[in-house]
Amino acid sequence: MPEGYLRTREEIEAFAERTGLTSFTPEQMEEFAHAARYMGDLLAGLPRAFPATREPAHVFRAREGAGE
Amino acid sequence: MSDLAWMGIAEAAALIRERRLSPVEYVEALYRRSDALDGDVHAYIHPTRELALRQAGEAAAEIAGGGYRGALHGIPYGLKDIIDCAGVPTTAHSRILAGNVAATDAAVTERLSAAGGVLMGKMATHEFALGGPSFDLPWPPPRNPWSLDHFTGGSSSGSAAAVAAGFLPAALGTDTGGSVRGPASLCGIVGMKPTYGRVSRRGVFPLAFSLDTVGPLTRSVEDNALLLSAIAGHDPGDPASSREPAPDLAADLRAGVRGLRIGLIRHFYADDMEAHPEVAGAVEEAAGVLARLGARVEPLELERLGLYAACSRTLITSEAYAVHERWLRERPGDYGASLRQRLLPGAFVRAVDYVHAVRLRRELVEQFESAMGAFDVAVTVSSMDPPPPIEDADEVARTYPRQARQPFNVLGVPALALPVGFTRSGLPLSMQIAGRAFDEATVYRAAHAYEQEAGWAARRPPIG
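So the sequence lines, in the order shown, correspond to chains A and B. Using numbering that gives the first Met the number 0, you'd call the opening residue of the first sequence number 0 and step up by one each time. Using numbering that gives the first Met the number 0, you'd call the opening residue of the second sequence number 0 and step up by one each time.
Quick caveat, the hints were computed from the structure, so don't treat them as lab data. Since we're looking at a predicted model, the values are computed, not measured. Possibly wrong hints are sitting among the right ones.
With beta-carbon atoms standing in for the labels, derived distance ranges [unchecked claim]: (1) E9(A) to G280(B): 47 to 57 Å; (2) R53(B) to A48(A): 57 to 67 Å; (3) P235(B) to A48(A): 34 to 44 Å; (4) A43(A) to E365(B): 21 to 31 Å; (5) R8(A) to A28(B): 50 to 60 Å; (6) D39(B) to R53(A): 49 to 59 Å; (7) D270(B) to T7(A): 34 to 44 Å; (8) E273(B) to R53(A): 30 to 40 Å; (9) T52(A) to R242(B): 24 to 34 Å; (10) A43(A) to E394(B): 17 to 27 Å.
Chain A stretches covered by chain B per the calculated footprint, using a threshold of three residues with CB under 8 Å from any CB of chain B [to be verified]: (11) 16-25; (12) 31-39; (13) 44-50.
Virtual Cβ for every residue (Gly too), placed ideally from N, Cα, C.
Between the sequences and the hints, there should be enough to build the whole structure, so can you do that?
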């Protein structure tokens with residue numbers, strides 16, 4: 000997993016609290032912790048070495064991104 | 000007259016126009032079939048019987064008075080239950096929307112009503128078009144009409160199961176990462192994901208704004224083209240709606256494939272992933288049929304499948320979390336476990352990840368457009384595997400991501416799934432034909448030529 004992601008159970012529970020996810024049962028908090036660990040799989044293969052000035056596709060014009 | 004359960008739009012339309020088939024008789028026959036069989040298939044969430052009989056009666060009266068509107072007049076259809084119809088519940092197959100009744104029609108519902116279509120009901124889906132198959136929701140997941148022990152694919156599961164089972168000639172689904180083409184593939188029917196922006200999403204509950212499309216599911220390519228022609232076109236109520244003119248997509252259907260340049264994307268299923276031998280064999284055989292019909296079939300190399308998947312996963316996870324964040328804070332227990340587990344990773348995606356994914360998307364679009372310069376359409380697999388047993392959670396989880404549909408969502412281009420045969424045990428096999436942006440007509444043309452030559456559309460599932 001890239002740097003900057005939550006790793007410990009304490010970090011994950013503090014993040015849930017900070018972002019308003021305060022209604023979780025213990026089982027749902029376990030799912031949340033699993034989701035944090037799953038981030039490594041989710042982001043695997045996503046390239047990060049784009050040139051600094053590389054413009055993204057624009058969301059509602061993604062289809063027309065090339066050549067613009 | 001052939002069996003109404005298996006009659007397609009084109010055949011029924013001719014009979015209705017000539018007043019040899021009453022829309023009311025058609026609707027009643029289809030409900031008799033679903034009443035008898037849907038207790039096993041579970042395709043419907045909410046039949047709209049009263050509305051359907053009223054619309055069918057109005058169509059019959061109008062046609063009798065000389066007011067025939069066209070190919071969809073008096074034709075029954077279903078809507079995935081994330082698409083609104085005024086006065087009818089939209090549940091998204093979820094407790095979260097229990098009691099929600101749509102105030103207005105979705106744009107596609109408006110267009111089908113204007114064409115004289117008859118809404119038969121709202122169809123089961125994976126919860127909010129993402130989590131599933133789930134056994135902890137108010138409605139069970141649909142079963143595959145080719146084998147009730149097997150998975151339909153998702154998320155437009157009920158739409159596909161109903162069409163495959165002969166409950167409906169046509170239904171609409173939505174496709175964000177393959178959700179029309181996946182169930183079409185596993186249920187042995189035709190499913191089209193149109194170009195992004197081709198069909199309005201106004202009144203359709205979102206999954207991921209930058210990828211969502213609405214598309215038709217039918218038993219034939221011609222019916223699919225008729226239905227897409229009816230729902231395509233600009234809508235100022237959808238910020239992503241294109242102003243590209245929407246032609247009659249069935250007009251060139253019979254032009255054949257002689258001289259067409261077809262790119263076979265073999266590396267998706269031979270190198271990037273290894274497809275089940277019966278799937279790969281059926282797609283190779285289908286490519287051979289297209290070549291025998293006069294197409295020039297040559298290898299087409301795109302970026303590797305994993306790159307498309309990483310892009311798609313990041314976009315869907317981020318955007319879907321934005322849609323559901325408030326309910327995840329306030330009502331996490333009202334979601335099924337499967338959807339909740341798929342949504343929660345979105346809390347952890349950083350803004351920079353999302354921007355990288357959108358940067359990647361642009362590069363993938365540029366590479367595709369460059370590679371497609373030498374081709375009219377592209378052919379590849381849809382699902383890597385035949386339908387798995389629905390109650391084998393491990394096998395469903397293993398096979399679910401093994402597909403080659405996400406690239407065409409990321410690229411925003413049209414892609415159609417159609418049957419290419421059956422496994423030795425009688426389960427459907429499918430391939431995809433994809434095209435350039437807004438060129439659904441050529442995709443349909445190639446698909447129709449193959450379909451007519453191969454003849455798979457005549458086969459019926461062993462149900463009822």
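Now the hints, each set against the structure:
| no. | hint | verdict |
| --- | --- | --- |
| 1 | E9(A) to G280(B): 47 to 57 Å | holds, 52 Å |
| 2 | R53(B) to A48(A): 57 to 67 Å | holds, 60 Å |
| 3 | P235(B) to A48(A): 34 to 44 Å | holds, 40 Å |
| 4 | A43(A) to E365(B): 21 to 31 Å | holds, 23 Å |
| 5 | R8(A) to A28(B): 50 to 60 Å | holds, 59 Å |
| 6 | D39(B) to R53(A): 49 to 59 Å | holds, 53 Å |
| 7 | D270(B) to T7(A): 34 to 44 Å | holds, 39 Å |
| 8 | E273(B) to R53(A): 30 to 40 Å | holds, 33 Å |
| 9 | T52(A) to R242(B): 24 to 34 Å | holds, 30 Å |
| 10 | A43(A) to E394(B): 17 to 27 Å | holds, 23 Å |
| 11 | 16-25 | holds (count 7) |
| 12 | 31-39 | holds (count 6) |
| 13 | 44-50 | holds (count 5) |
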